[in-house]
Amino acid sequence: MIVVENMVKTFGGFHAVDGASLEISEGSITGLIGPNGAGKTTLFNVIAGVLKPTSGRVLMNGEDITGLAPHALFHKGLLRTFQVAHEFASMSCRENLMMVASGQSGEALWNTWFGRKRSADEERALKAKADEVLAFLTIDHLADHKAGEVSGGQKKLLELGRTMMVDARIVFLDEVGAGVNRTLLNTIGDAIIRLNKERGYTFVVIEHDMDFIGRLCDPVICMAEGKVLAQGTLAEIKANEQVIEAYLGTGLKNKAQVGAQ
Amino acid sequence: MDFLNALVALANFVIVPGLAYGAQLAIGALGVTLIYGILRFSNFAHGDTMAFGTMATILATWGMQSYGISFGPLPTALLALPFGIAATALMLLGTDRVVYRFYRAQKAKPVILVIVSMGVMFIMNGVVRFIIGVRDIRFADGERFIISARDFKEMTGLREGLAIKTTQAITVVVAFVVVAALFYFLNRTRTGKSMRAFSDNEDLALLSGINPEHVVRVTWLIVAALATVAGVLYGLDKSFKAFTYFQLLLPIFASAVVGGLGNPLGAIGGGFVIAFSEVTITYAWKKVAVYLLPEQLEPTGLVQLLSTDYKFAVSFAILVVVLLFKPTGLFKGQSL
Numbered sequence: 059m060i061v062v063e064n065m066v067k068t069f070g071g072f073h074a075v076d077g078a079s080l081e082i083s084e085g086s087i088t089g090l091i092g093p094n095g096a097g098k099t100t101l102f103n104v105i106a107g108v109l110k111p112t113s114g115r116v117l118m119n120g121e122d123i124t125g126l127a128p129h130a131l132f133h134k135g136l137l138r139t140f141q142v143a144h145e146f147a148s149m150s151c152r153e154n155l156m157m158v159a160s161g162q163s164g165e166a167l168w169n170t171w172f173g174r175k176r177s178a179d180e181e182r183a184l185k186a187k188a189d190e191v192l193a194f195l196t197i198d199h200l201a202d203h204k205a206g207e208v209s210g211g212q213k214k215l216l217e218l219g220r221t222m223m224v225d226a227r228i229v230f231l232d233e234v235g236a237g238v239n240r241t242l243l244n245t246i247g248d249a250i251i252r253l254n255k256e257r258g259y260t261f262v263v264i265e266h267d268m269d270f271i272g273r274l275c276d277p278v279i280c281m282a283e284g285k286v287l288a289q290g291t292l293a294e295i296k297a298n299e300q301v302i303e304a305y306l307g308t309g310l311k312n313k314a315q316v317g318a319q
Numbered sequence: 182m183d184f185l186n187a188l189v190a191l192a193n194f195v196i197v198p199g200l201a202y203g204a205q206l207a208i209g210a211l212g213v214t215l216i217y218g219i220l221r222f223s224n225f226a227h228g229d230t231m232a233f234g235t236m237a238t239i240l241a242t243w244g245m246q247s248y249g250i251s252f253g254p255l256p257t258a259l260l261a262l263p264f265g266i267a268a269t270a271l272m273l274l275g276t277d278r279v280v281y282r283f284y285r286a287q288k289a290k291p292v293i294l295v296i297v298s299m300g301v302m303f304i305m306n307g308v309v310r311f312i313i314g315v316r317d318i319r320f321a322d323g324e325r326f327i328i329s330a331r332d333f334k335e336m337t338g339l340r341e342g343l344a345i346k347t348t349q350a351i352t353v354v355v356a357f358v359v360v361a362a363l364f365y366f367l368n369r370t371r372t373g374k375s376m377r378a379f380s381d382n383e384d385l386a387l388l389s390g391i392n393p394e395h396v397v398r399v400t401w402l403i404v405a406a407l408a409t410v411a412g413v414l415y416g417l418d419k420s421f422k423a424f425t426y427f428q429l430l431l432p433i434f435a436s437a438v439v440g441g442l443g444n445p446l447g448a449i450g451g452g453f454v455i456a457f458s459e460v461t462i463t464y465a466w467k468k469v470a471v472y473l474l475p476e477q478l479e480p481t482g483l484v485q486l487l488s489t490d491y492k493f494a495v496s497f498a499i500l501v502v503v504l505l506f507k508p509t510g511l512f513k514g515q516s517l
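In order, the protein sequences belong to chains A and B. Residue 59 is where the first sequence starts when you use my numbering, and the numbers rise one by one after that. Residue 182 is where the second sequence starts when you use my numbering, and the numbers rise one by one after that.
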């Protein structure tokens, strides 16, 4: 579904992503792991159009989408969430979700004054949908709270909820689990699996929690120093020499093997 | 009786002019604050945008007058206002296309955009002076007063008169309508909400599928309307002179900053704070004091804190004080 070819992104002389190539198949939940600074988030940013790649291509179903603006990618069904949850702080959680679904008639300036009835109907449908999503994520009691005031974990759920407001096709989740407690992490995991099964979303998940990755993801891709090291099931990745070295360094590698024995 | 006279004098020279001036500043500051909130720079060209809008409206007014069109007791300029707004909108969209879009694509820092807007300011200022000239232009027609000082005195038998100019009443009414429409737009409509979303968190707005260019276009359209309305109301109340509008930039920015840049409610509050400070500090209080104080204490001077020549110093002083002690403004700024 998504093919990344020889992606390079440099910041000054630093190669954040250094010739990474990977393929994400439709309907999968792909895990993207790697030590800090491996270039995972930069790769996300390049795919999602936030950063322009230095060189390389991104294809979505065979179509070249390299360097398209984020809002254009959104309309192609490519969504992402942020490592640090973003929200429209001054709006309520419900309004946050309602902001997502664009392509409304109310968006044309003319219609805001003269197409009131149609806009109002759409708005009502949207509100019902937002409430549905909030209930799905078990945060319906927060609908009228300002998004800036809810907890970090709840903001993460809101991020996930945002992807449910439209018919996304592929969603890039950047550390959904960071700073989230176990229970909430399970809720998020359940939601991801349900969305994948029931609505056919393809997910790409950056995560450091290996239990979470193990429960959700197949295949798993491991990156280090801007390159793709290995791809396979979590068990395969865990057994991969290069991966262990990248994660633990050569010094600790031996200890890990001792532990395994 | 003396107390009533003092009150009427106060209303006549402080409250009524202060309200009208405050409303004009508020609408001007709303434009500045919207640009700051959404395009993220301080638009120094705003005063001259107001001048451009007023110029276009004056030209349309003259055109209408030459065909004998009038608006009865109301100034013809109100009829010409839509034309002025349309011309200003075209000019602003053109400027954005030619100048600002280039810097937006470069993701230029706000400081650079501020300097760019100064360039736009000089050009716009030149264009306005070139087209309509530098002299003072009065374009208010129709009925001059709702109540004149003499009528008021006859009606009430008081020694002091209360004059309410038509333009002052129009200013307050129009300001009220404009502000109500703007807040309805920002809080209730989809486009308005996406503007707020964009102001709140640009990255997220982009990733939520909000088209930034659309938001920017709508912002300029609204700013064109606000700037033209503010300029025309000011011009009707006083007079139009290109240079005066350039000078208006200071009180307008002071209003926006005092209220908290990026906060529309703050811009309105700030407008009135600045207007009333200016009027009360430069007003000669002798007239009021004469009625209130016993004869022995009657002041010999004018009891004027500052000559009107220094009125801009008032907004400047307030601006500095607010920036020193409460940089986010009285109403907390930064997002719409």
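Calculated directly from the structure, the hints in this document are not laboratory data. A few of these clues could be false.
Simulated crosslink set (DSS-like; lysine-lysine; CA at most 27 Å straight-line) [stated by the list, open to error]:
id, chain 1, residue 1, chain 2, residue 2
1, B, K346, B, K467
2, B, K334, B, K419
3, A, K285, A, K110
4, B, K288, A, K134
5, B, K346, B, K334
6, A, K110, B, K290
7, B, K492, B, K467
8, A, K110, B, K507
9, A, K204, B, K507
10, A, K187, A, K255
11, B, K419, B, K467
12, A, K185, A, K255
Pair hint outcome, B:K334 versus B:K419 [Cα-Cα no greater than 27 Å]: With a Cα-Cα distance of about 24 Å, the restraint between B:K334 and B:K419 holds, given a limit of 27 Å.
Hey, A:K110 versus B:K290, does the alpha-carbon distance stay inside 27 Å?
OK: A:K110 and B:K290 at ~19 Å, within 27 Å.
Discussion item. Between the alpha carbons of A:K187 and A:K255, is the straight-line distance 27 Å or under?
Written reply: holds, 19 Å
Straight-line alpha-carbon gap B:K346 to B:K334, limit 27 Å:
holds, 15 Å
query: CA of A:K110 to CA of B:K507, is that 27 Å or under?
result: Not satisfied, since the Cα-Cα distance of roughly 39 Å exceeds 27 Å.
Holds or violated: are the alpha carbons of B:K492 and B:K467 at most 27 Å from each other?
Between B:K492 and B:K467 the Cα gap is close to 18 Å, so the pair holds against 27 Å.
Q) Is it true that the CA of B:K346 sits at most 27 Å from the CA of B:K467? A) holds, 23 Å
Restraint status (C-alpha distance of A:K185 to A:K255 at most 27 Å): holds, 25 Å
### Task
Compare the distance between the alpha carbons of A:K204 and B:K507 with 27 Å, and conclude whether the hinted pair is satisfied.
holds, 25 Å
- Quickly compare the C-alpha distance for A:K285 and A:K110 to 27 Å and report which way the hint goes. holds, 18 Å
Hint consistency between B:K288 and A:K134 [alpha-carbon to alpha-carbon, up to 27 Å]: holds, 24 Å
Requested in this report: Could you grab the alpha-carbon distance between B:K419 and B:K467 and see if it respects the 27 Å cut-off?
Outcome: holds, 24 Å
Comparing the model with each numbered hint stated earlier shows that hint 8 is the single one that does not hold.
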